[in-house]
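Undergrad: Let the sequences and hints guide you as you build the complete structure.
For reference, the chains in residue letters:
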Amino acid sequence: MGAGNEGFDLEGEATPIPELLADLWSSRPLIGMLAKKEFFVKYRRASFGILWAACLPLFQAAVLALVFSRVVRVDTEAPYAVFVFPAYAAWSFFATTLPGASTSIVDNAALSNKIYFPRAVLPITSVVAALYGFAFTLVALLGVCVAFGELPGPRTLLLVPAVVLLVLLTSSLSLLISGMHVYFRDMRFFLQAALSVWLFVTPVLYPLDQATGALAVAVFVNPMTGVCGLFRAAITGAEPGFTGTLAVSVVWIAGTLVAALLVHRRYNRVFSDLL
Amino acid sequence: MSAVTLSGVGKRYRKYSDSAVLIARGRERIRRTTRSETWALRGIDLEVERTECLGVIGRNGGGKTTMLQLLAGVSAPTEGRVSVRGRVAPLMAVGVGFHPELTGRENVYINGTILGMERAEIDKAYDDIVAFSEIGDFLDTPVKFYSSGMMVRLGMSVAMRSMPDILLVDEVLAVGDVAFQARCFERMQEIREAGATVIFVSHNLNAVRNLCDRTLLLHQGHRVLLGDTAEAISRFHQLLDEEREPEETDEAPAEGRRIESVVLSDASGARTSTFTGGDTATATITMRGCTTGRLEGLELTISSGTGLAVYRELLAVPDAADGRDPVVVTVDLPLRLPTGTHHLAVRPRATSGAHEAESRSSFYVKSRHGLFGQVDLAAEFSREPAGGGR
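Same order as they appear, the protein sequences are chains A and B. Basically our numbering = 1-based index in the first sequence + 133. Basically our numbering = 1-based index in the second sequence + 108.
Certain hints may be false.
What the hints assert, rightly or not - In silico EDC-like cross-links for lysine to aspartate or glutamate, where the CA-CA straight-line distance does not exceed 20 Å:
{"no.": "1", "chain 1": "B", "residue 1": "K252", "chain 2": "A", "residue 2": "E171"}
{"no.": "2", "chain 1": "B", "residue 1": "K474", "chain 2": "B", "residue 2": "D285"}
{"no.": "3", "chain 1": "A", "residue 1": "K175", "chain 2": "B", "residue 2": "D248"}
{"no.": "4", "chain 1": "B", "residue 1": "K474", "chain 2": "B", "residue 2": "D440"}
{"no.": "5", "chain 1": "A", "residue 1": "K169", "chain 2": "B", "residue 2": "D235"}
{"no.": "6", "chain 1": "A", "residue 1": "K169", "chain 2": "B", "residue 2": "E209"}
{"no.": "7", "chain 1": "B", "residue 1": "K474", "chain 2": "B", "residue 2": "D387"}
{"no.": "8", "chain 1": "A", "residue 1": "K169", "chain 2": "B", "residue 2": "E226"}
Derived by calculation from the structure, the hints in this document are not laboratory data.
TA: Right, here's the structure in full:
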């Protein structure tokens, strides 16, 4: 970990940003160790083990694909399953990781009340742990696409920036919300409510250009629109109007990161007073 | 450079009993009160050198835990400056991050990483950790099947092996069996001799006396005394007695008798709470009682630090004609006791059998070297002149 191995000076409650970042950087082994633990503990007692990590999002996407292609009837160029799955994989990572990561500082009070490491380690750990499972989901994603005749090409490489963007967005929101959650325990419920609406203002189940009116505005300012769009672009090609939403996502990430940094700068050392 | 330096350190907490923080703060802002603020620690100056062992004592709520939290870096001071040089191993964090589903082996690695060890470092220390913990065959068993003693032993072994420069120790040493405790103390001494600083926070005054060069006495967040351990312990007992003295009331209790005060003094008549083994302490007991029931006597109990009654006797005390006047009784107690903290309890016994409140005071006895157990029988050794055998 290294944080505090040479000692530390405390004056006032805030942690200076360079110190915070340096501590966080030297906490990489700790993050890796904790993330591995979180991931493997989750599947250890299940008979099918890690298979669940890949199959659960696949199953959920299949159900949605069936409902939306047969019942609601959304028209897409590519087969609907191939259209839905890449965006849904991203959404599923986001929506299952964010709630856990957002309560991570409070949930790990037993750990953080006793020993110091930057509290930002905890939400980041949750995101990294989820990445292990996401690797299996991505393999399943490529498998499904091949099965439906969408062979991987050069644009498949877009998955790399897509994953980076998804991880950045999830991490920055987790960092911010996890800090706020210590003080406002309402955050987790607020987040639950928000996520249930959020899926429908994200063009996961419908194409970007089908959103009109007020929905179009909500879809455009939604940071997940660009991220899901990039995943879709990697598999079935970019949709019209996609570049703008990508820019919105980047702005969101930058803004959230700055806000998260300020929250952690101020409260990093004193979260434990309220845990 | 000192291992630990605190200058003018204060820590203020806000206590929001049950309500949401947001609502509680809003309410305070409107009413312009700061009622929920308390200083857990105030104006603390302290310097601890390398290889020094500092004891921290005081009553619950005195600020001991807050101080440990500041030294571990898990909290920040509201005012002043905390400066720590070197790797800190908080032994109060024993077994922190242990996951019940993971095996002992896996938990050693996680715990070691949390304590700031690198993987190679843990690899190297692993056999030693296992040997010290005496977990043996259970290493590949999930720790949820461990006994609580095993968990503490394993956690302690990792912490002891994390090569700390500063060891923060609290009551954890009270867990685990006596043999393991003894080995922990031994290891702590080794770590100290290797150049580390130990800060030992405990209610076990005997352990503090045995281990610490200097002791800090905290009371209600303030530094009462920083200095010689024996002096600090003696001052602590005095403090406890002062607090225990009941407040003056005009009216005697409706029924029964009440001990107003018990004052301990030495042969010269000076009030003290530290004695030398074998000396005689004089207890001056002031009692006030009411007219109902007849006093049978005073029950005196001396118990050791562990709570075991070493001596108990009912002393026949003549009852005062009018129970409203205070009765003063002096008792000479030869303190044939081993080194340690002892308690003196005085309880009036009435013929009616009514339950009376007892008055307790603590005192410290420093006895001769090599004396253990509960009581000093002052055995005399003599040696027969040789010749019987040959």
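Undergrad: Decide, hint by hint, whether the structure agrees.
TA: Against the structure, the hints:
1. B/K252 to A/E171: Within the cut-off at roughly 16 Å; holds.
2. B/K474 to B/D285: violated (26 Å)
3. A/K175 to B/D248: holds (18 Å)
4. B/K474 to B/D440: Satisfied, since the Cα-Cα distance of roughly 18 Å is no more than 20 Å.
5. A/K169 to B/D235: violated (23 Å)
6. A/K169 to B/E209: holds (13 Å)
7. B/K474 to B/D387: holds (10 Å)
8. A/K169 to B/E226: holds (16 Å)
In this structure, the hints that do not hold are numbers 2, 5, in rising order.
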